Amino acid sequence: MPAHTSTVHAAPPDEAERRRRVRRSALLLALIAAAFYFGFILMTLVRGWK
Amino acid sequence: MAEPLAPAASHDHDHKPYGWRRWVYATNHKDIGTMYLVFACTMFFIGGFMAMLIRLELFKPGLQFLDPQFFNSMTTLHALIMIFGAVMPAWTGLANWMIPMQIGAPDMALPRLNNFSFWILPFAFTLLLSSLFVPGGAPAGGWTMYPPLVLQTGASFPILIFSIHLMGASSILGAINVIVTIVNMRAPGMTLLRMPLFVWTWLITAYLLIAVMPVLAGAVTMLLTDHFFGTTFFTAAGGGDPVMFQHIFWFFGHPEVYILILPAFGIVSEVIPTFSRKPLFGYEAMVYAVASIAFLSFIVWAHHMFTVGMPLAAQLFFMLSTMLIAVPTGVKVFNWTATMWKGSLSFEPPMLFALAFLFLFTIGGFSGLMLAIVPADYQYQDTYFVVAHFHYVLVPGAVFGIMAGVYYWLPKWTGRMYDLKLATWHFWLSAIFVNVLFFPQHFLGLAGMPRRIPDYAVQFTDWNMVSSIGAFGFGLAQLLFPYIVWKCARSGERVGKKAWEGAHGLEWELPSPPPYHSWITPPSDAVIARGAAH
Chain A
1 MPAHTSTVHA APPDEAERRR RVRRSALLLA LIAAAFYFGF ILMTLVRGWK
Chain B
51 MAEPLAPAAS HDHDHKPYGW RRWVYATNHK DIGTMYLVFA CTMFFIGGFM
101 AMLIRLELFK PGLQFLDPQF FNSMTTLHAL IMIFGAVMPA WTGLANWMIP
151 MQIGAPDMAL PRLNNFSFWI LPFAFTLLLS SLFVPGGAPA GGWTMYPPLV
201 LQTGASFPIL IFSIHLMGAS SILGAINVIV TIVNMRAPGM TLLRMPLFVW
251 TWLITAYLLI AVMPVLAGAV TMLLTDHFFG TTFFTAAGGG DPVMFQHIFW
301 FFGHPEVYIL ILPAFGIVSE VIPTFSRKPL FGYEAMVYAV ASIAFLSFIV
351 WAHHMFTVGM PLAAQLFFML STMLIAVPTG VKVFNWTATM WKGSLSFEPP
401 MLFALAFLFL FTIGGFSGLM LAIVPADYQY QDTYFVVAHF HYVLVPGAVF
451 GIMAGVYYWL PKWTGRMYDL KLATWHFWLS AIFVNVLFFP QHFLGLAGMP
501 RRIPDYAVQF TDWNMVSSIG AFGFGLAQLL FPYIVWKCAR SGERVGKKAW
551 EGAHGLEWEL PSPPPYHSWI TPPSDAVIAR GAAH
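As they're listed, the protein sequences go chains A and B. Quick note, the first sequence lines up with residues 1 to 50 if you use the numbering used here. Quick note, the second sequence lines up with residues 51 to 584 if you use the numbering used here.
The following block holds chain A by itself, in its conformation from the complex:
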């Protein structure tokens, strides 16, 4: 049997749960990116007001 079709493997995680985790982690990372974008603009604004 070719190695890539071996049936001896650990139980795969539940597919629906995996999809949920994929969606959640993608959204979290997008929020972090947005926070850096707006955070730096805000920081420059605040510095300008001083």
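No lab work stands behind these hints: they were computed from the structure. Remember, predicted model here, so these are calculated numbers, not experimental data. Any given hint could turn out to be false.
Said to hold, decoys possible - The calculated SDA-like cross-link candidates involving lysine to any residue, where the alpha carbons are at most 25 Å apart (straight line), are: (1) B:LYS471 - B:VAL88; (2) B:LYS66 - A:ARG19; (3) B:LYS66 - A:GLU15; (4) B:LYS471 - B:TYR533; (5) B:LYS537 - B:ASP469.
Based on these hints, arrange chain B on the given structure of chain A.
Frame of chain A, contents of chain B only:
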């Protein structure tokens, strides 16, 4: 060496779309990886052509061929195209091809987002290149886009800003996809410390991208509002601070350097053990070293701006934190060397490129240490020494890393071996001419030749001629590369699943070429353990 002739074990029952739909609507990680790599190669030649024009103008003192404004546009576009159009997409292409196969996943976690991330890029760069044809010419203020100079750009200014936003969006979406894939899609049993180094370096690179690409986007958004909407973020006349832009830019810019080089560390960590026929020395130390380098990259940005002026304590901090990067980098260089120690070495093209990377990237690292020393930096700032330094990091560093990766995995992708003799020629011509091109620039810089000028004093003539000859040789040698790839795909000798006898990793458990949909059934724990032979 290549495994002896074996049938291409490609039982292709795959239902893949054909014609243009396969590429425009692509969601398969291998197709998207191929598109990224073809795009990066195209941009490499466009950016390279601009470099040839720059070196042609600098062959002799005086103005020969280019108008000074156009010369400045060439330096600006060359940098933007090589960084955002060639090196970064090449890494993303390699990530797309290899990460799912290396972690036992059937595809990237977000395939449609993957398609979108790629297709943003051709629009971004068509837009950027179209700026060559607008009144006032293409942007010419340098890739660093410092205000107030960049605010004097003509009609191409909004084109520049919009294309940077598009490139940033593409990178961020690609990085999200990489992280989500590695975190959620690993085969059961593929623990973090069993992952190949290439996957590790990309995971860390993706976190860097998420953190710093939005910062660049924020900076250029503020430039846009300063130019068109009357804000004065960076305009001194309105109470703004142009130096603030430099701080923000380099907070992005220094980690960006590591975004360009960390995946090369991963490739070299795959190639050297394969051709030394030994496991990688100090796998865990390598992972921690890469993570340390990534962390340190966030706290060294102001070493790019010592001459701008800053308190002594800040100068000391940024100087010492920069020097600290030499420690994890040294760990990596010594570990690669230790991997080769008493190994059964052979010198196929991927290994040659990896070895050249090891020597020449280290030269770039040492000149970086020289630049980190504040009083020395006052002398070197804005000279050709800086140009020599970062080109040693990015050409025999990042570009040679990409070449090593492509020559390493090309037999896997195509199921065919490329012309090893021609690829060895490609290596030697590249390795010789890259030094002829960039090494004299150290001398020019130390002698005081400023960067970003189309003309220079006559005492700099000789080394500029040598450097230009090196550039033309290097440029011509690169024409071999697409020919080698094309010839391999058309008529290379067929290889088995393990193209290199010393190779380990899940990708080598798949047939060559791999099926269109690989690892639909996750690999077994035994297969994973066999692959993770570090």
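For this session: Could you check the structure against the hints above and give me the numbers of any it violates, in ascending order?
Result: Failing hints: none at all.
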